[in-house]
Structures are given as structure tokens and as C-alpha cells.
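Novice: Note that the sequence shown covers residues 210 to 606 in the working numbering.
FYI, nobody ran anything at the bench for these hints, they're computed from the structure.
Take these hints with a grain of salt, some might be off.
Here are the simulated DSS-like pairs of lysine-lysine, each with C-alpha atoms no more than 25 angstroms apart in a straight line [to be verified]: (1) Lys568 - Lys290; (2) Lys562 - Lys290; (3) Lys565 - Lys290; (4) Lys287 - Lys565; (5) Lys462 - Lys287; (6) Lys462 - Lys290.
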Amino acid sequence: MEPQPHLQPVRSYELDLMRFLAALAVVLYHYTYRGFAADNLSPVSYPAIDGVTRYGYLGVELFFLISGYVVLLSAYGKTVKQFFLSRVTRLYPAFWAACTATFVFVRLLGPRLAPTDAHYSPYLVVYFKQYAVNMTMLFDYFGYLNLDTAYWSLTYEISFYFLITLLISYNLLTNIPPVIAGWLLLTLGCYLVLGSGSHAPVTYLFIPRYSPYFAAGMLFYLLQHRMAPAGRLYALLLGAWVLALYTAHHEMKALNQIFHNPNAYSYAVVASITTGFFLLFWLMIQRVFVLAPSPWLVLLGSLTYPLYLIHSNIGYVAYQRLAPFVGRWPLLLLLVGSMLGLAYLIHVLVERKLSKVLKQVVQELLLRLTPAPPPQQYTDRFELEKEKATSLSNPIG
210 MEPQPHLQPV RSYELDLMRF LAALAVVLYH YTYRGFAADN LSPVSYPAID
260 GVTRYGYLGV ELFFLISGYV VLLSAYGKTV KQFFLSRVTR LYPAFWAACT
310 ATFVFVRLLG PRLAPTDAHY SPYLVVYFKQ YAVNMTMLFD YFGYLNLDTA
360 YWSLTYEISF YFLITLLISY NLLTNIPPVI AGWLLLTLGC YLVLGSGSHA
410 PVTYLFIPRY SPYFAAGMLF YLLQHRMAPA GRLYALLLGA WVLALYTAHH
460 EMKALNQIFH NPNAYSYAVV ASITTGFFLL FWLMIQRVFV LAPSPWLVLL
510 GSLTYPLYLI HSNIGYVAYQ RLAPFVGRWP LLLLLVGSML GLAYLIHVLV
560 ERKLSKVLKQ VVQELLLRLT PAPPPQQYTD RFELEKEKAT SLSNPIG
């Protein structure tokens with residue numbers, strides 16, 4: 210199908226900063242709270258700061274909000290093939306590098322404990338078949354455990370990309386507010402009918418646990434570019450915010466169960482942070498929150514994805530190996546700095562170079578898979594003569 214007309218994208222330095230801070234919040238959450246709180250991932254605790262950093266898990270929700278905005282921006286003006294190509298070349302190079310590094314590191318240096326050991330963690334045991342399936346990024350759909358504890362969010366991103374692909378295929382981007390309204394209603398229906406912990410097939414397609422964030426990001430984009438009546442968009446945004454608060458409450462209760470502490474999180478804090486994300490985005494699209502162009506912000510934004518992919522299980526294994534020899538605070542600084550360095554190497558050595566190669570390979574593959582157009586049929590002799598005349602007048606054939 211023909212691509213949709215779209216506005217020329219302009220780089221948002223505010224998004225670069227938000228993405229990096231969200232990734233850093235997730236890193237600190239994993240290192241200072243999640244690793245020690247459950248599943249024997251890390252032997253080191255940080256009671257002085259974990260009352261704050263434990264809320265860093267909400268950085269992923271901010272990622273989803275940003276993704277709704279950015280992916281809709283990238284979808285306009287693209288065919289299905291073009292959108293697919295842009296997503297593949299964006300996601301896979303860094304993922305392949307991080308997944309391979311994680312597999313090798315955990316395989317060589319991970320703890321060697323029996324499942325009956327009190328300190329055993331199933332998340333720090335990896336095997337080759339698991340690695341091979343994870344490299345497809347479709348591990349969750351095949352029923353395999355993610356190789357790294359941070360990879361779970363990729364399943365929701367892929368589901369969102371598939372939904373966007375459907376919108377492009379059926380030419381629904383031209384009138385998207387009704388689609389978003391239906392998605393939000395379906396989200397509410399899934400919670401009311403299936404419950405918050407359901408793994409029914411419909412939840413993989415419509416991602417009700419996080420759909421309010423994706424939908425809100427899309428709505429912010431539509432509001433910024435005035436692509437629908439503002440009143441209608443604000444009404445939908447209000448619905449997305451209410452649903453985000455609702456789903457955030459269920460997510461918080463699930464985490465309380467994982468950490469065996471019914472008071473691990475305060476819903477007042479969770480709701481305030483979630484609302485803050487929406488307010489921050491609104492300030493950005495209203496140009497109240499504006500950052501001057503800076504190469505440092507571009508760099509921070511570029512490090513976000515590889516940092517998110519590389520930090521988790523490698524960091525946990527490093528904690529287990531180094532904790533007996535290094536103090537907790539120097540170790541935290543060492544690991545955060547090391548992960549930033551690894552993220553930079555992945556960005557420079559892999560993303561910048563492999564993305565171009567992968568783009569060429571995927572383009573050639575898509576070209577081969579595209580069926581040749583059927584021979585043109587002429588309804589009368591006049592059309593045949595007209596085509597011959599046109600071809601003769603064209604100097605390049």
C-alpha cells in the first residue's frame with residue numbers, strides 16, 4: 210500500500226534525556242533493590258537508598274509512553290515493509306550483541322549451584338538452546354525464559370509494533386482516535402473479564418497491562434501535531450491516565466508478592482510518579498519543557514537501549530563475584546560506569562555499523578519475497594499502442 214503523508218520528524222532532545230533517565234532508574238532499581246530483594250540475584254543491599262530506587266521499575270512504563278509517541282511518529286509515511294525494516298534495524302543489532310555478551314558472561318562466571326541450594330537462582334542459569342531462541346527476540350512466544358531479566362519488556366514492544374503494522378496495513382492511521390478508544394475499552398474489558406494476571410492469547414496481542422502507556426504516547430503525538438480535535442484527544446488521554454493508574458496498582462501488588470512484602474510499595478508514590486510522567490509529556494508537547502540542542506543529549510539518548518539490554522544479569526553476576534572484595538558503594542559506581550562503557554561500545558561498534566549491513570540484507574530479502582507484479586492486461590488495441598509509444602519515448606526504458 211502507499212505510505213501515509215506525514216510531518217517531517219524533528220529530534221526531541223527532551224526525549225533523549227527522559228529515555229536515559231528512565232534507563233538509569235531501571236539500572237539503579239535492579240542493582241540497589243531488585244537483586245537483593247528476591248530470587249537470589251545479588252548479595253548486596255542498599256538500605257540507605259532503596260526506599261527511593263525501588264520505584265525505578267517505573268522507568269519501563271516511561272519507556273512505553275515514549276515508545277507510543279516515537280513509534281507512531283516513525284509509522285507515518287511508511288509502508289508495512291518500510292516500518293518493518295526500520296524496527297528490525299533499530300532493535301536487533303544491539304540486542305544480538307548484548308544477548309551474546311550476557312550468555313557468554315553468565316555461562317562462564319555465573320554461580321554453579323544446585324537447584325536445591327538456598328542461594329540458587331534460575332535466572333542466572335543459561336543454556337545454548339535458550340540463547341538461540343532468545344536471539345530471535347520471540348522467546349516469550351515460544352515459551353522460553355528470557356536470557357536476561359530485563360528482556361521481558363521486549364515482548365510488549367514487539368506486540369505494539371505488530372499492532373502498528375496492522376494500522377498501516379488497513380490504512381487506519383488516517384483516523385486513529387477511534388482505534389485508540391477501542392483499545393482502551395478492550396484493556397478495561399480484559400481486566401474485568403480475565404483479571405490482572407491472565408496470559409490468554411488476547412493479552413499478548415493487545416497488551417492490556419501496558420496499553421495505557423503506549424496509547425497515551427500516541428495521543429500526545431496527535432495532540433502535538435493537532436491531528437484530531439483537541440477535546441476528543443484530551444478525553445481519550447484522561448481515559449488512558451485513569452487506566453494507567455488502575456494497571457499500575459495491579460502491577461504494584463504483583464511486585465509486593467514477588468518481594469514477599471505487602472508494604473514494599475506505596476500506591477500514593479506509584480500514582481504520583483505515573484501522573485508525573487503524563488504531566489512531563491504534556492509540558493514537552495506544549496513546549497514548556499524545552500532543552501537546547503546538545504550532542505551530549507544525543508549521546509545519552511543513543512546509550513539508552515544498549516544500557517538497558519546489557520546491565521541486568523551481567524551486573525548481578527558481577528555483584529556475586531566482586532561483593533566479597535569490594536565495598537557496596539564503590540561496587541555500585543564501578544558497575545554503573547562499566548555498563549555505560551559497554552553500552553557506548555555496543556552503540557559505536559555494533560549499532561552504527563551492523564545496522565547498515567542488516568538494512569541491506571533485510572531489504573534484499575524483502576525484495577526476493579515480494580512477488581513480481583502480474584503482466585499488464587490491455588483491454589483494447591488503443592491502450593497497447595499507447596504503452597508502446599510511451600516506452601519508446603522513455604530514454605531509460
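Novice: To test your reading of the hints: which numbers does this structure violate?
Specialist: 5, 6
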